[in-house]
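Asker: Sequence:
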Amino acid sequence: MGLKAVEATRREALALAGLAGFVAVLAPRMAMADEQAVTAEIKKLYGDKAMGSGKIKLDVPEIAENGLVVPINVEVESPMTDADYVKAVHVYADGNPLPGVVSYKFTPACGKASASTRMRLAQTQNIVCIAEMSNGSLHMAKANVKVTIGGCGG
14 MGLKAVEATR REALALAGLA GFVAVLAPRM AMADEQAVTA EIKKLYGDKA
64 MGSGKIKLDV PEIAENGLVV PINVEVESPM TDADYVKAVH VYADGNPLPG
114 VVSYKFTPAC GKASASTRMR LAQTQNIVCI AEMSNGSLHM AKANVKVTIG
164 GCGG
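Under the numbering used here, think of the first position of the sequence shown as 14, with each following residue one higher.
No lab work stands behind these hints: they were computed from the structure.
Hints should not be assumed to be uniformly reliable.
Stated by the list, open to error - Derived DSBU-like pairs (lysine-lysine); straight-line CA-CA distance at most 30 angstroms:
#: 1; residue 1: Lys56; residue 2: Lys68
#: 2; residue 1: Lys100; residue 2: Lys62
#: 3; residue 1: Lys68; residue 2: Lys57
#: 4; residue 1: Lys70; residue 2: Lys57
#: 5; residue 1: Lys125; residue 2: Lys100
#: 6; residue 1: Lys125; residue 2: Lys70
#: 7; residue 1: Lys68; residue 2: Lys100
#: 8; residue 1: Lys57; residue 2: Lys125
#: 9; residue 1: Lys56; residue 2: Lys100
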């Protein structure tokens, strides 16, 4: 079993090199999410449903010296009873390659709707948090994090 030689003309090789250069330069810019991408993602999931505010405590640093490890704490006010509880919390970052960062599911058995994690942020951006309640209502909180050293290749 032998290997077959692949022959390419100089013109084909130059075209391939040009395409690779184009992708290398533009792909990172095209890959970053933005506020519109986050809005589109939220609209895809919830349509034009009204968003309340004030129930979510979103704790993120105002300035993150290193985008590799940015702490985030989310807590949603709720009695966490069978009749009234937080079903899910979704966190989005509008400057990362993909807008969705993390989703948490809750039940009344959790007793408290809170979660903590660390996330990577590529640049200064908004963090958006959506809480889905058991009665179908939605609540939103937003915070801006200034990143001095990017964590996603920046």
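Asker: Determine for every hint whether it applies to the structure shown.
Answerer: Right, here's what the structure says about each hint:
1. Lys56 <-> Lys68: Distance of about 20 angstroms is within 30 angstroms: holds.
2. Lys100 <-> Lys62: holds, 16 angstroms
3. Lys68 <-> Lys57: holds, 23 angstroms
4. Lys70 <-> Lys57: Distance of about 24 angstroms is within 30 angstroms: holds.
5. Lys125 <-> Lys100: Status holds; Cα separation ~11 angstroms.
6. Lys125 <-> Lys70: holds, 13 angstroms
7. Lys68 <-> Lys100: holds, 14 angstroms
8. Lys57 <-> Lys125: holds, 28 angstroms
9. Lys56 <-> Lys100: It holds: about 18 angstroms lies between the C-alpha atoms, which stays within 30 angstroms.
In this structure, every one of the numbered hints holds.
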